Amino acid sequence: MDVTETPRIVTSRLEYEDSHTLERYLATGGYEGLRKALGMSPQDVAHEVDAVSLLGRGGAGFPAGRKWSMLRKAPTTYLVVNGDESEPATFKDHLLVERDPHQLIEGVLIAAYAIQATRAFIYVRGEFALGLERVQSALNDAYEHGAAGRDIFGSGFSIDVVVHPGAGAYICGEETALLESLEGKRGFPRIKPPYFPAAIGLYGEPTVVNNVETLSNLPWVMLNGSGAFTALGAGRSTGTRLFALAGHVRNPGVYEVEMVKTTFRHLVFGPEYGGGIPGDRQLKAIIPGGVSAPWFGSEHLDLPLGQDEVGEAGSMLGSGSIVVMDDTTCVVRAAWRITRFFWRESCGQCTPCREGSGWLEKILQRIEDGDGREADVDLLMDVCDNLAPGVSWPPQQTTICVLGSSIPSSIASAIRMFRDDFLVHVKDGGCPHG
Amino acid sequence: MTPPAVDGHLSSDIVTRARELVALYPHPRSALIPICHLAQEQDGWLRPEAIDEIAALVGLTPAEVLGTASFYEMLRTEPVGNYVVSVCTNIACMLRGAYELLHHVEDSLGVRSGATTADGMFTLEETECIADCGRAPCLAVNHRFVGDVTPESFDHLVEGLRAGTLADDIPRHGTLVRVRRQGGLRVDDDTIRAEREAASAKAAGGA
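Those sequence lines, one after another, are chains A and B. Here the working numbering is used: the first residue of the first sequence is 435, the next is one more, and so on. Here the working numbering is used: the first residue of the second sequence is 1475, the next is one more, and so on.
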């Protein structure tokens, strides 16, 4: 774990070895944000969060406050935490659940109070064995401390929180698939409309689904106020964000960065962050927001890390993952591996995704193996066009969820940026990188 | 719903914990995946007899349980070794030598990806991203993460697992969460709903 000097909203405790314990949490201002929230009306808490423009940190970037305000009025409502972090090369929520579970739980309780949820569920990716143990331990301690459960801190507000393990399925990070999974079913995404969780969510009741990092911001927001939060960042991208930096950098890791004020170049090359590319090799491409995002070349390095800035440049900050590929990288192999992932993880409901992912993977494999044909490059784009007509950004959708329309991103990027690399594979009968 | 027979396959401890899980949710079916994890804690995988009893616990047919469980990578419908070694080969690890590591692991264990060693100790598999990319290449053994893996550190790990010196850190396959839930709310949702309505009426009256 690497933590930089400033600013720190969600990583403030990570310098401590015992950051996951109640003792450390209470010694560093823990549960004070919840106490403050419970002294306000639920509506005022919701207004405070709406005022900070807290863009969802899971991938879609939808403002948390607006999500809450869309909740259908009903006697029973649920809060569900999306801790199913599975987007390749994204590893920030993993860090938060393992290293600061109380911060997450406090965020859950603040959100549950604001929306007056009947019950809260924390869905944690099944593979996070230590994370599951840490969150359950922290919750047990929170109950003991009076911070969760019956009549929290004497406020009259009661809520039960259930920690729920997943069982290994990327698609369950999609919020409606997560709800199906939480209901004990296969993780098949639901079609929207009508199944927007705020209207028809868990067990058919109105449900808010928020990401781990999103909720982990709330204790700080309550304690320091919306003004302090919006003073960080610019435009709609306020506060800080965690970026998981991976691939060909000297110091891969999770970095908390003020939104918009830092560029891709600074994050990749800054000595306090990635520290540059090992061996002084050159940059070939970066994947800016998870493997569902279109790639950037070195001409995009000076873009600021802001949601709208990156969106306008034709990609997304997405899940907060940045993968760096140096000039020794075979882009055919990179696109193949990412496509293989989508093929394995497609839930199989929709034909374009189920069939398209498999065919794309096979074509990329044969190019990489030296059995490709020149026409394969256009064939790949043609199949991509079936998945996301026009292969534009943001993509057109032909499937129930966005997994299918995410598949073309890496393939189209690799072909558009490095078409010659594909042709060399075909001409030379194999991968020049060995 | 028929309770499992007294001489059922799942131990009485597992059944007790499974019933506690069912009670946590508004609908019993939600406990299906957590209970599957418990059954794997006992057997290392989902035996057909366990599936029958899980079905009874959550009010489904065995086919419905199997149909759901077979969707999820972590729920095993066939036996696996005591230690499932999951080597990540996704993009972040691939860029840092994951396939070279996988080849070493295959040679070292003497099995290909997807297979179990003859002594039943290890099952090897190639896995998708396990979200530990800051320490790529990484792998997990029974979902316990090991980062910055080299051929040497892997062989050392295997020695430790064979010698049983790592049992505290890496339990036998199937044991996922060793922390039991304590505390929690002891009132039902109806009480909560009534309290919320009363609080909301009071707030509206005071405004």
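Quick caveat, the hints were computed from the structure, so don't treat them as lab data. Small disclaimer: the values here were computed from a predicted structure and weren't measured. Be aware that one or more of the hints could be misleading.
Unchecked claim - Each computed DSS-like pair below joins lysine-lysine, with the alpha-carbon atoms no more than 30 Å apart: (1) Lys507(A) <-> Lys470(A); (2) Lys861(A) <-> Lys1676(B); (3) Lys861(A) <-> Lys796(A); (4) Lys507(A) <-> Lys695(A); (5) Lys619(A) <-> Lys1676(B); (6) Lys619(A) <-> Lys507(A).
Stated by the list, open to error - Over 10 Å on every C-beta distance to chain A, these chain B residues come out as not near it, computed from the model: (7) His1501; (8) Asp1517; (9) Arg1521; (10) Thr1535; (11) Ile1565; (12) Thr1590; (13) Asp1606; (14) Leu1635; (15) Ala1637; (16) Ala1673; (17) Ser1674.
Unchecked claim - Beta-carbon label-pair distances, calculated as ranges: (18) Gly1584(B) <-> Asp452(A): 55 to 61 Å; (19) Ser1674(B) <-> Lys626(A): 24 to 30 Å; (20) Glu1669(B) <-> Trp793(A): 32 to 38 Å; (21) Thr1535(B) <-> Arg715(A): 36 to 42 Å; (22) Pro1536(B) <-> His867(A): 47 to 53 Å; (23) Gly1634(B) <-> Leu657(A): 20 to 26 Å; (24) Gly1584(B) <-> Glu451(A): 23 to 29 Å; (25) Ser1486(B) <-> Ala494(A): 52 to 58 Å.
Quick reminder that beta carbons are idealized off the backbone N, C-alpha and C, glycines included.
A quick look at each hint next to the structure:
{"no.": "1", "hint": "Lys507(A) <-> Lys470(A)", "verdict": "25 Å, holds"}
{"no.": "2", "hint": "Lys861(A) <-> Lys1676(B)", "verdict": "77 Å, violated"}
{"no.": "3", "hint": "Lys861(A) <-> Lys796(A)", "verdict": "18 Å, holds"}
{"no.": "4", "hint": "Lys507(A) <-> Lys695(A)", "verdict": "39 Å, violated"}
{"no.": "5", "hint": "Lys619(A) <-> Lys1676(B)", "verdict": "40 Å, violated"}
{"no.": "6", "hint": "Lys619(A) <-> Lys507(A)", "verdict": "26 Å, holds"}
{"no.": "7", "hint": "His1501", "verdict": "6 Å, violated"}
{"no.": "8", "hint": "Asp1517", "verdict": "16 Å, holds"}
{"no.": "9", "hint": "Arg1521", "verdict": "17 Å, holds"}
{"no.": "10", "hint": "Thr1535", "verdict": "13 Å, holds"}
{"no.": "11", "hint": "Ile1565", "verdict": "5 Å, violated"}
{"no.": "12", "hint": "Thr1590", "verdict": "18 Å, holds"}
{"no.": "13", "hint": "Asp1606", "verdict": "6 Å, violated"}
{"no.": "14", "hint": "Leu1635", "verdict": "16 Å, holds"}
{"no.": "15", "hint": "Ala1637", "verdict": "22 Å, holds"}
{"no.": "16", "hint": "Ala1673", "verdict": "7 Å, violated"}
{"no.": "17", "hint": "Ser1674", "verdict": "7 Å, violated"}
{"no.": "18", "hint": "Gly1584(B) <-> Asp452(A): 55 to 61 Å", "verdict": "41 Å, violated"}
{"no.": "19", "hint": "Ser1674(B) <-> Lys626(A): 24 to 30 Å", "verdict": "29 Å, holds"}
{"no.": "20", "hint": "Glu1669(B) <-> Trp793(A): 32 to 38 Å", "verdict": "55 Å, violated"}
{"no.": "21", "hint": "Thr1535(B) <-> Arg715(A): 36 to 42 Å", "verdict": "57 Å, violated"}
{"no.": "22", "hint": "Pro1536(B) <-> His867(A): 47 to 53 Å", "verdict": "49 Å, holds"}
{"no.": "23", "hint": "Gly1634(B) <-> Leu657(A): 20 to 26 Å", "verdict": "44 Å, violated"}
{"no.": "24", "hint": "Gly1584(B) <-> Glu451(A): 23 to 29 Å", "verdict": "39 Å, violated"}
{"no.": "25", "hint": "Ser1486(B) <-> Ala494(A): 52 to 58 Å", "verdict": "45 Å, violated"}
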